[in-house]
Structure formats: C-alpha cells, structure tokens
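J.: Sequence order for the protein chains is D and F. When we follow this note's numbering, the leftmost residue of the first sequence carries the number 564, and every step to the right adds one. When we follow this note's numbering, the leftmost residue of the second sequence carries the number 564, and every step to the right adds one.
These are calculated hints, taken from the structure and not from any lab test. There may be inaccurate statements among the hints.
Copies of the same chain look alike in the list, so a pair counts if it fits in one copy or across any two.
Cross-link-like lysine-lysine pairs, in silico, DSSO-like; alpha carbons within 30 Å at most [unchecked claim]: (1) Lys-966 to Lys-782; (2) Lys-870 to Lys-782; (3) Lys-919 to Lys-990; (4) Lys-778 to Lys-686; (5) Lys-805 to Lys-778; (6) Lys-1002 to Lys-617; (7) Lys-778 to Lys-870; (8) Lys-718 to Lys-1006; (9) Lys-620 to Lys-574; (10) Lys-852 to Lys-804; (11) Lys-686 to Lys-852.
Number of protein chains: 2
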Amino acid sequence: MLQSSVIEEIKRIVGKEHVYTSLEERICYGYDSTPEAFFPDLVVRPATTEEIQKIVKLANHHLFPIIPRGAGTGLSGGSVPVKGGVVLDLTRMNKILEIDEENLVAVVEPGVITYELQQEVEKRGLFYPPDPASLKTSTIGGNVAECAGGPRAFKYGVTRDYVLGLEVVTPTGELLKVGGKTVKSVTGYDLIRLYTGSEGTLGIITKIILRLLPKPEAKKTLMAVYPSLDDAAHTVTMIIKKGIIPATLELMDDLTIRCVENYLHMGLPLDAEAILIMEVDGPAELVEKQAVQVAELCRENGAREVKIAADEKDRDEIWRARRAVSAAVVQIKPTKISEDIAVPRSQIPKMVRRLKEIAARYDLNLVIFGHAGDGNLHPNILCDQNDAEEMERVRKAIAELFKAAVELGGTLTGEHGIGTMKAPYLKYETGDVGYQVMKAIKKALDPNNILNPGKIFLE
Amino acid sequence: MLQSSVIEEIKRIVGKEHVYTSLEERICYGYDSTPEAFFPDLVVRPATTEEIQKIVKLANHHLFPIIPRGAGTGLSGGSVPVKGGVVLDLTRMNKILEIDEENLVAVVEPGVITYELQQEVEKRGLFYPPDPASLKTSTIGGNVAECAGGPRAFKYGVTRDYVLGLEVVTPTGELLKVGGKTVKSVTGYDLIRLYTGSEGTLGIITKIILRLLPKPEAKKTLMAVYPSLDDAAHTVTMIIKKGIIPATLELMDDLTIRCVENYLHMGLPLDAEAILIMEVDGPAELVEKQAVQVAELCRENGAREVKIAADEKDRDEIWRARRAVSAAVVQIKPTKISEDIAVPRSQIPKMVRRLKEIAARYDLNLVIFGHAGDGNLHPNILCDQNDAEEMERVRKAIAELFKAAVELGGTLTGEHGIGTMKAPYLKYETGDVGYQVMKAIKKALDPNNILNPGKIFLE
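The following block holds chain D by itself, in its conformation from the complex (with noise of 0.2 Å):
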C-alpha cells in the first residue's frame, strides 16, 4: 500500500481531482479486455509529461510500481495491475498535435484515440492504416506500446512501421526524445522500435510522431465461400504469387461461419469449411481490375462462391459478417479467451487442424479467424471462468496451441503482445538466450523495476 504522504504529494502533482482513491474509481482500473482483474492503489491521471516525469521519480523514490494504461482494450492484460501500485491513465493527454501534410507526419499525444486520427487524416486526403478491432476505443499510446496490428497489416504493416518518433518519460523519470520526422534514421540502438511494443515496461510514451501514406483512392471488397479449408488457404499463396497484395485477406474457419450465421441470420452457408474476405485497394482502375483477378483465383482454386461488392451497402454486408464474429462466438459460452498465434503463411493449414485437434481432445468450443495474409489466426476458446475445471482444460490446450505454434516456425502472439497472458510461455519461443537478453535489457534500463513489473517477465 502506498503511504498517505506519497498520495498526497501526487496530489499536489496532478490536483487531486485527477486521482482516484475509492475502490469503486479503482476497480474500473483494475482489468482490461482478458479475463483477470486486479486492484490498483491509486489512478492517477496527469495531463503533461512533466507530471508524469515527476511521479515516476518519486516512484523510484518510495519504490512503488507504475502501470501506464490507455483504454484498456488490451488483449494480454498489459495494462493491468498485477502488483498493484499506480494506475497511470494516460486518456487525459488527447491532442492531435499536428498533422503536417507537407512532411506527411502527424503529432499525437498518447491519449488519442486511434480512430479520431484516422478521421482526421482522412479529411485532409491521407492515410493512418494501423486498424486493430478496437480502433474506436484504444488509445494510438495502447497502440504503440502492444505494436497493434489490424486486418490492413498484411498490405501496409503494423504500428511499427508508423512510429518515426517518440517522447518517453524513462523508467527513472528522465525524459528521452528519438527519431523525429524523418522517415530513414541509423543513429545509434533502434529505440524507436525497442519502446514500440514494450508493453509499457521500458518507458511511458508521451508523444508520437507517426507516418502518414496518401489515402489510397478506390478500394473493392470481395467474399469467397470453400468447401475445403486448404483450398481457401492455397488461395491466399496464389493471390500474391500473382503479385497482388491486398490490403486484407482474412478468414474464418467452419466453427466462426456458423456462429456468426446463428447470430447475424445473413444467409452464410452452414456447411462451408472456410470464408476468405479480402480487399483491395489503391488507384480505382488498379482495383476493379484486381477484384476481377482475385476473384478469378478465389474460383480456380476451389471457391464455391465469390462476391465482388458492387456498391457501399455490398461492403458493408461482407463486412458485417467479419465485425460480428466477436459478439457472435459469445453466444456459445460467457468467456472468450482470445489467442494470437502467427505461423508462415504455408503452414495455415497444418496450424487449423492442430488447433482443432487440440480443442477436440481437451473437449473446448474453438472458433478460429485471422488475418490469413500474415499466417496471423485468433484461435478464440469459448468457455465458463466460473468453470474451474473447464478452466483447467483451457490452460493446458493454451499451452499446447502455443507449443504447436512455435514447432510450425511460429510466434505466440502476432499482434497483442505477452502482457501476464502469455509470459508463462515465453520462453517456449525465445529460448532462454532470449529471455536473459530481454531480462538484462529491462535491468539495465529499470533498474528498480517500477514500470510494469509482471508482464512480459515472469517473476
């Protein structure tokens, strides 16, 4: 607990208005979207980085921990207070600094909430194509320190590719400025990419430069219903053997198609082993004549059915079903445990059927979608957590998923990060070399081990 002196004197920081010490405030801070809450000390919500720098001095002062936190819409529970401490919520620190359009760059604080740049951007004919599904509520700050990704990764990247600069309150309070807008930079350790998806344990993101693209100027939906899972798969090869690239290719899997059909009633086939829905965009003639080939391809290697949305209203259908999925797979059980493992892109097929084997034999309800451009899948095991049997039964499924995962040449998690979710399993990817180099990187630059203590690391 922490002492009442040191709660004062973040007052007098902050104004006390901004923190938050009943445990009704505190509980709201104490989960994010995994199934584990825990309980803060204090939430504090500063609106500079002076205060932050000022707070996380006098946390190596009273050694007390610090967990910064965007909206809390994270996946690995990286923003969660395991150890209790100081729920650093960033949501006050909001404004679009810049939108330079001559530099193509935009300035942001961390607080901004991804979308609303995106919106922004758009106005003024560019482009911010980092899209994870949590786009309206997360934070560009949450963003940055999981490395969010999103359907449009496959085509443009993941949020790393956009961050050119960063202001950083250090885990010792000082304050650290790298990159800037230039778009190529050598100088010295890659600090931009080390802060990126550091779960907030290196550092606490205060400002962002990011890069913007043109906004790319038509783009064209497509559907394509399999019979069979490999084919749909082999698809996704064959579309960029032909060298195009669309800017999303996702799937669902026969499990995801039925529950979504249940749920929405928009007449998808129950019977279906796999839907591929892509996009592709770029300049408009490019597109129409892309779709043409894709859905070419879709039929040559197995499609039962293709769809080329004609018009907004068309889109919007083929993509009500991918949105619904998440609503839709809770309707078999009240917990979603939401998984993120990446494979090479071959190896998809392989990885589906371990998965349901996997699943079948511990006897759990597994749906499986994902971003089939990057091998990127969410297995999502639907269960009870006030099951604890059943909850046993997923532990160790989880543990399987991921072993088989790593054994396909893959990674645990593609884009939500370790957080407390998956640190019982890191080792499995980066053996222990990895971990002691991570380990000795976290040291080194935290020394009292202040900021975020608990995640990526077991401890």
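Keeping the supplied structure of chain D fixed, place chain F upon it in accordance with the hints.
T.: What follows is chain F alone, placed relative to chain D:
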C-alpha cells in the same frame, strides 16, 4: 597484442589456413570505405556459427576485441579495428540457404552478396528491394548490421523492413534465434530491430531470414531538369500529394550535375540548379499512367525539361548520370567525405542552402545528391586527406552540417550508421539521456566490451 597461445587456439578452431597473421594480410582488413585505416592483430575467417561462438568465448576469457566484417564497403567506419583485436571476416559464410517461394522468404548466411541474392530471387519472380549503392560488393550481413538503405527506400523501406528473423552470436558467445518466417510478431522486446543497425556492437549475425515481395511487373524512369532547386523539392511534395509513391526520387544539385557532365559529356545542362531522377514501378498500365502524371507534375512545378525513358537504353542513359556521381566527383579532389544526413522532406531546400553556406564559409568543395523522397541527402566534401589544414576545415564544416541537420528536425545518418565517423556527434541527436540509454543496453549485453569497441560511442 594477442598471446601466441591464443592465436594457436584460434587456428585450432577455424583451421590455420583461415587465420591471417602477416602484415600484408592484416593491412587489407584495416580499412573500409572511409579514409582512416587501423591495424587488426589478427584476421579470422570462420565458416560456422559454432566456430564464432568459440572465438567469442575465448575473447571474453582473454579480453580481446572482435570486429565483425562483411565486404568492408561501409561509409561510417563500422568495420574498422580502431582498438586492434580480431577482425572476424564473415565472407566464407556465403550460402543462400533457402528461397521459400510460398512464404516469400529467403534464408541466407551473412556473407551473401546483396546483388547475388537479388538476382536469385528475381529469377523466381520475387524481389528484395534494399539497394545500397555498394550492392554488387556489399554483403547482406553488413547491410543488416548497418541497416542499409538505397534509392528504393522511398517506396520500399530500408533493410530493417525486410528482416524477419536473425541468428545471432551474443557478445558472450551464446547462440540466439529471434523471429522466423512470420511477418508479424510482438513476442517481448523487438530484438530483431535492436540487432539490425547495431553495427556489430551487440551481436554477430550468423543467419538472416528476409522478407521478399513479388517482383513489380514494370518500371518507368524519368529525368527532370530544374532551373530552381526549390521547384525540384516542391515537385517531390506534389507527386506524393497526388498519391503517387515512386520507387525512387533522386536529386542531384548544380555542382553534382557539372561534375557528372565534365566526366561523361552526356549533354547535361550546366546551368540547372537541380535534376530529379524518378522511377515508378508496379503493374504495367498503372506505371505508364503514373509516368505521364509525374512528367506533368514536373512541368507544372517548374521543370525546364522532362524526359520519360522510352526503352531500356534510355533508362540506362538516365541512370548512368546518377551512377557516375561517385566517380565524377573525385575528379575534383582525391578524398571524398560522404555524409548522410536526413531531414523532413519539406526542409530539403533549407538544408541545401545551409550546406552551401557552410561549404562557402570553410572554402570547401561540396556536392549534394541523394534521396529526395526520404529527405536523405548525401553531402560529399571533396578534399585531400594529405592536406592537414584543409582537413581541419573539413572537420569543422562536418560538425556544423550535423548541427544544421538536427536543428532542422533531421538526423545524423539516414542509412550509413554512426560507426567511428559520426561517433563524436552522436549526442547532438540523442542528447545525454538517449546516449545513456544506448550505452546501458551495450553494457548490459556486452559486459566485457568485446564486440566492435569504439563504435557508435566515444569511449
């Protein structure tokens, strides 16, 4: 100096024919493409990762420096043995281990020559974009260690954007594998990007997994001649605003044009302030259309003359001018100090003016060319390294040009690295805090300061 027992031990590890001890042999490994040369105590040419691990463990025991080296084409002194020690020449490890066409991935040893990899993947309709000027000589390992760029970086990014996985021997001789064949991963800290561009100071790269792209179907090259440099720079912005992202957008200033013309006599206009060389690539029809659009934009924005290459011969002729720059400029004076600043694109005209003012003040010959799309300029000072008085002026001018770049929101190095050449100026950009963070990482991972001492940091 190394003890003879240590040299004997190294000979046992790699075979005595792969250890060079003579003065003549060691001289050859004392320099790169920067002016200063140093003397290694020994040159070792290992063939396997295991041999490297053994040598690094020996180095930690006997405390001698190890300097990893590819082809020695670096422009910042990254591979020169400033503190003596053992140069580890990695060019025997030169196998392309795999080109995985389904996953668009290549697995290579560090000694593979960049151009040879490009030729191999292009035979299969694939594409490895990074194209440093030295690509016919330089190795992929060196490219990764320095995070090399090249003209195509504007559209395609730099080496870091293509590294999916690495095998690394750590500074203490452990074997570490990070990443793999997946395009997305956020497992723990981003060690891939930490090692990429770390200039051999954090690890020795022994295997590289690279992302490939489908090869663009067509390309079209243009050249535009400008009476005004500002108009040339403004054209770059207008092209991007139009939503066109050329593969390359190269700029040559007035003195560069004159040097090339005096060297090649190809009819370049001696009174022009700037030439832009641009290449668009992609699907054939789109490329045709974009080339015409780019040509129009050049004319609308002040180009006096615009040429679209009609065929391969025309294209070669245009690129001949750009490729001749290095050979042409050393006609003025024998020593070329090649710098590599980058500024926000909109600051190019201001930066060019600052550079010319600095050169005039120190009475130096300066030519400026580079990648205008990225804001990455290569100011080259032509001088004579045997003229001590002139070299003193060069040193002062360089310090000023770095300060100017940072003042304009730029960076010391876009694609060459810090090495020894820019180490004295590192803090201009990183500040004290950034310097300390980088230093702390180096110390945590290389406690005995074995790997490439004297680089990046002034010690």
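J.: Hints first: check each against the structure and report whether it holds.
T.: So, going through the hints one by one against the coordinates:
no.: 1; hint: Lys-966 to Lys-782; verdict: neither (38 Å within a copy, 44 Å between copies)
no.: 2; hint: Lys-870 to Lys-782; verdict: within (15 Å within a copy, 32 Å between copies)
no.: 3; hint: Lys-919 to Lys-990; verdict: within (24 Å within a copy, 54 Å between copies)
no.: 4; hint: Lys-778 to Lys-686; verdict: within (10 Å within a copy, 33 Å between copies)
no.: 5; hint: Lys-805 to Lys-778; verdict: both (24 Å within a copy, 10 Å between copies)
no.: 6; hint: Lys-1002 to Lys-617; verdict: both (26 Å within a copy, 24 Å between copies)
no.: 7; hint: Lys-778 to Lys-870; verdict: both (25 Å within a copy, 28 Å between copies)
no.: 8; hint: Lys-718 to Lys-1006; verdict: neither (36 Å within a copy, 38 Å between copies)
no.: 9; hint: Lys-620 to Lys-574; verdict: within (15 Å within a copy, 52 Å between copies)
no.: 10; hint: Lys-852 to Lys-804; verdict: both (16 Å within a copy, 24 Å between copies)
no.: 11; hint: Lys-686 to Lys-852; verdict: both (27 Å within a copy, 26 Å between copies)
The structure shown violates the earlier hints numbered 1 and 8.
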